[in-house]
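Asker: Chains A and B, in that order, are what the protein sequence lines are. Each residue of the first sequence is one higher than the one before, counting from 1 in full-length UniProt numbering. Each residue of the second sequence is one higher than the one before, counting from 1 in full-length UniProt numbering.
Simulated from the structure, these hints should not be mistaken for lab results. Quick reminder that beta carbons are idealized off the backbone N, C-alpha and C, glycines included. It is possible that some hints are incorrect.
[Said to hold, decoys possible] Here are the computed lysine to aspartate or glutamate pairs in the DMTMM-like style, where the Cα-Cα straight-line distance is at most 25 angstroms:
#1 25/A / 798/B
#2 557/B / 90/A
#3 25/A / 609/B
#4 25/A / 810/B
#5 64/A / 558/B
#6 51/A / 609/B
#7 514/B / 540/B
#8 479/B / 82/A
#9 514/B / 85/A
#10 64/A / 541/B
#11 607/B / 90/A
#12 479/B / 85/A
#13 557/B / 85/A
#14 89/B / 270/B
#15 557/B / 75/A
#16 502/B / 75/A
#17 51/A / 806/B
#18 497/B / 339/B
#19 557/B / 9/A
#20 51/A / 558/B
#21 514/B / 75/A
#22 514/B / 39/A
#23 557/B / 39/A
#24 514/B / 90/A
#25 607/B / 9/A
[As the list claims (entries may be wrong)] Here chain A is said to cover these stretches of chain B; the calculated rule only asks that three of the stretch's residues, wherever they fall, bring their Cβ under 8 angstroms from a Cβ of chain A:
#26 519-529
#27 555-568
[As the list claims (entries may be wrong)] One side only, chain A facing chain B, incomplete, derived with CB under 7 angstroms:
#28 10
#29 14
#30 20
#31 23
#32 59
#33 61
So you can see what is in the structure, the chains are spelled out below.
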Amino acid sequence: MIAQHRWIDIGPLAEIPVRGARVVKTRFGCVAVFRTATDEVFATSNACPHKGGPLSEGIVHGRKVTCPLHNWVFDLETGEAEGADEGRIETFAARIDDGRVLLDRALLVKGVA
Amino acid sequence: MALKLVVIGAGMASGRAMEHLIEANDELYDITLFGAEPRGNYNRIMLSPVLSGEKSYEEIVTHDAAWYEAHGVACRFGERVTAIDRMRKVVISEKGETPYDRLLIATGSAPFIIPVPGRDLDGVLAYRDLGDVNRMLGYASKPGTKAVVIGGGLLGLEAAAGLKARGMEVTVVHLMGHLMERQLDASAGYLLQRELERRGIHVICGANTREIRGEGKVEAVLLEDGRVLEADVVVMAVGIRPNFGLAQSCGLKYNRGLLVNDEMKTDDPEVFAIGECVEHRGVCYGLVAPLYDMARVAARNLLGFHETFEGAETSTKLKVTGVDLFSAGDFAEGEGREEIVYRDAMRGIYKRLVIESDRIIGVVMYGDTADGGWFFQKLKDREDISAIRDTLIFGPAYAGGAALDPMAAVAALPDDADICGCNGVCKGKIVAAIRGGAETLEAVRAVTKASASCGSCTGLVEQVMALTLGDGFSVPSAKPICGCTDLTHEDVRRLIKSRELKSMPAVWQTCGWKTSCGCHVCRPALNYYLLADWPEEYHDDPQSRFVNERNHANIQKDGTFSVVPRMWGGLTNPRELRAIADAAEKYNVPTVKVTGGQRLDLLGVRKEDLPAIWADLNAAGLVSGHAYAKGLRTVKTCVGTDHCRFGTQDSTGLGVALEKRMWGAWTPHKVKMAVSGCPRNCAEATCKDVGVVCVDAGFEVGVAGAAGMDVKATEPLAKVAGEDEALEIIVAFVQLYRENARYLDRPYKWVAKVGMDWVRERVVDDVEHRRELVRRFDLSQKVFQKDPWAERATPATERAYAPLADLTQEAAE
Ligand code: SRM
Ligand SMILES: Cc1cc2nc3c(=O)[nH]c(=O)nc-3n(C[C@H](O)[C@H](O)[C@H](O)COP(=O)(O)OP(=O)(O)OC[C@H]3O[C@@H](n4cnc5c(N)ncnc54)[C@H](O)[C@@H]3O)c2cc1C
Ligand code: SF4
Ligand code: FES
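Bound conformation, chain A alone (with noise of 0.2 angstroms):
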């Protein structure tokens, strides 16, 4: 794989909110993207493993994200459910560059994480 074409332009930095996030829909489902208070960008399954929630309207902080439907608390970085509840989301490489949001081409393959 060439290094130029792992990434995936999704648009600028500037369209996700500071602690918040936006999807990008798939063939295989949406994928949240979310910019954290320090602006660092993670990529997630925007479904929560509990009843589908969707983790992008979930509040934002620190590294991690809060479902909106029922609170699950999920660690952005592993995508592993906190404390008590068991579960764990995708999640896929993202990063910034020159104020744009770049994401892992290999999220396009059902299957790799």
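Given chain A, put chain B with the ligands in place with the hints provided.
Answerer: Same frame as chain A, but now just chain B with the ligands:
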């Protein structure tokens, strides 16, 4: 042979100087004391209690005939000194000449009379001596007398309070924007004004007097803006001028006052001067504390010592019973100056310290002035306060590093420290109750009433219990908001107010949040507290709101949203219904449902369609129903007098009025209301947060009902005759709830904590307090009563609500 000392002026300064002198040496001088007033020395500052009737003149006399006689002071009262001949060393009065070896001038100051037309009319008085007080009292004997006091400074307000206490109708006219502007900043001035108005004294600030009118005697005061205030008596208390004409005409040096050096000597070494008539190092004083210092220094130097007065800081209190204020130093804002402010809006307490280079340079306190002296000492000592800065504002009880241990702080509190502000219960009383067998919080509450009202002191009471009972009592640990902090909701709310924290980072910083930016539990609570407490300053943070409030729509289990437009009081019309029907078709809404709140719900709208459907509904005049908000939801009504044969009042109209007044207001939890037209109660008003049941005699307002996870009937709050009063009480109730409840407590939970009596006192009994609440509610509504749909029915929101990118066509490799 004794030297001849002539003292001119039998006032506060000279009285003190003579005491020092005589105490040290009774023989050195033969004293002759001249006083223009027909009486000896008395405590001038206590004229106000004499005016109000709290003291008699006899009680404020400092030196009586026996004292003068015992010390051989020759008294010449009622005799004005008209000239001084320094060459011949004699003073000249009506009755002739009196020789001196040393002269002490203490002629005080004269009230300043503003040069307006009518100032010479009968009934225009100054406020300086007992004669003035007696003249004022002369007017008070006639019932219904109207007094206008010109000047809202210390003297004017004491006069106003005194005249009010004597039964007059009193108006204070003050030139500046707030009362006592030389001693108080605007916040404290405001609290003071509120208190005076609560006592029935009318206060007009920012008002200039143009003219005093009357035929021979005062009839009215005319203000610059054209207002006319009826008056039988006018008291001018706009300021004082040092009274040194006598010294001036005998050639002593003067500027704003008679000039003296540090030894209190004028430029004639035989002539001393003290009191308000002098200017020392560029300062003329108007308060007794520094004058007493001058008196001591002058007395010592008359005895041949060389002592000096080096100037003094002054502090002020207002002697109006029940009004506690304290001010000292320089409290202006400025570069390099910082301030520490503590406010307790509920108890009307305000404290502000002005700090420069780690030193207190100014103190303003209102409501609780117990620590005034302590701060003032630090100000005078120029003490470096950096080490105790964090807890400084809490006063000596907290000082000295005890900050981190609240138990030590409580232990350090004196017995008379107020623990429960609502019921005025001090620490000593609580300790006594515990020793007397009250070993549970409930028992202490029952015996002392401490923490029985607003409950905000419960923690303190428990700490006092722990201290008193030792191991026998363990403080139930207060539940922090969340893992980000050890503080409770109540702690944080209090700090947001007292430290004036106006942004989320300010809260995190000041309260020592353990996480960088909070979590889903604390952030929505903080966002609410900040916008409720600082409606004009704080900017709402959508990222700290739960999904529904952020998107202004209720999220469904499949990620779509519901749209509920407002139907005021449950009323709708064909145009609105048509718009709803059209929208339902246009956006393929799968379900349209009549809600339990008397309106229609469009369920299953895609997020990206929200801005467009809102725009369509807006076009028909429909606005957001806030079915998603911790805010006003619905106001259910019944058909009332318009149609129903049992209806007693216009229940629909009142419901609509309530909804129109209150929509858009954010609250700690959702608020639902209902108005039923008669006790048959078809609108189910008795299980709402606020429910009104109309009866023949008017409106029965009930609050704190619930019909969700708990079912509870409302409790009666008030019965009122008029719709306006009902509305006002409800608005005040909601504002009290907004200001005090913890986030996510419905009104019924909050009322259970603070008690109905506490609530009723504030929103029903104390009309002033009620109006203040209404005023603050209306202020907040100015900011928040905006249709969130209209604001978001824009292309920008449409873009933001849509996916950022669509990669469904993108190739994997
Ligand atoms: C739509 C509606 C049901 C209906 O179809 O009639 C409804 C729907 C919801 N209610 Fe309700 N409640 C509705 C009337 C009520 C009522 C009846 C009333 O208002 O007269 C009650 C009982 C009265 C009360 O509140 O005391 C009611 C008590 C609750 C509660 C329990 C509150 C409590 O303090 O115990 C919740 C949960 C909460 O708010 O935390 C709740 C929460 C909800 C939520 C918002 C659940 C959620 O968080 O997603 C539901 C949203 C559905 C949606 O997507 O639109 N709903 N809910 C009603 C909307 C009224 C409106 O026009 O705004
Ligand atoms: C109503 C009121 C309330 C006050 N409250 C406070 C307070 O709470 N705290 C505070 O610190 N200060 C207060 N003050 C101010 C305080 O009273 C004065 O600072 C203080 O009295 C000044 O003392 P003095 O000796 O310089 O002058 P005075 O006490 O005014 O004495 C001067 C005397 O000299 C007499 N006199 C003047 N000219 C002649 C003359 N030619 N021949 C003979 N006699 C003459 C005058 O008649 C007067 O009796 C108050 C003042 C008033 C009027
Ligand atoms: S009762 Fe209310 S919260 Fe429960 S399912 Fe029905 S609408 Fe939802
Ligand atoms: S769907 Fe996410 S917590 Fe229930």
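Asker: Which of the stated hints cannot be reconciled with the structure, identified by number in ascending sequence?
Answerer: 16, 19, 23, 24, 29
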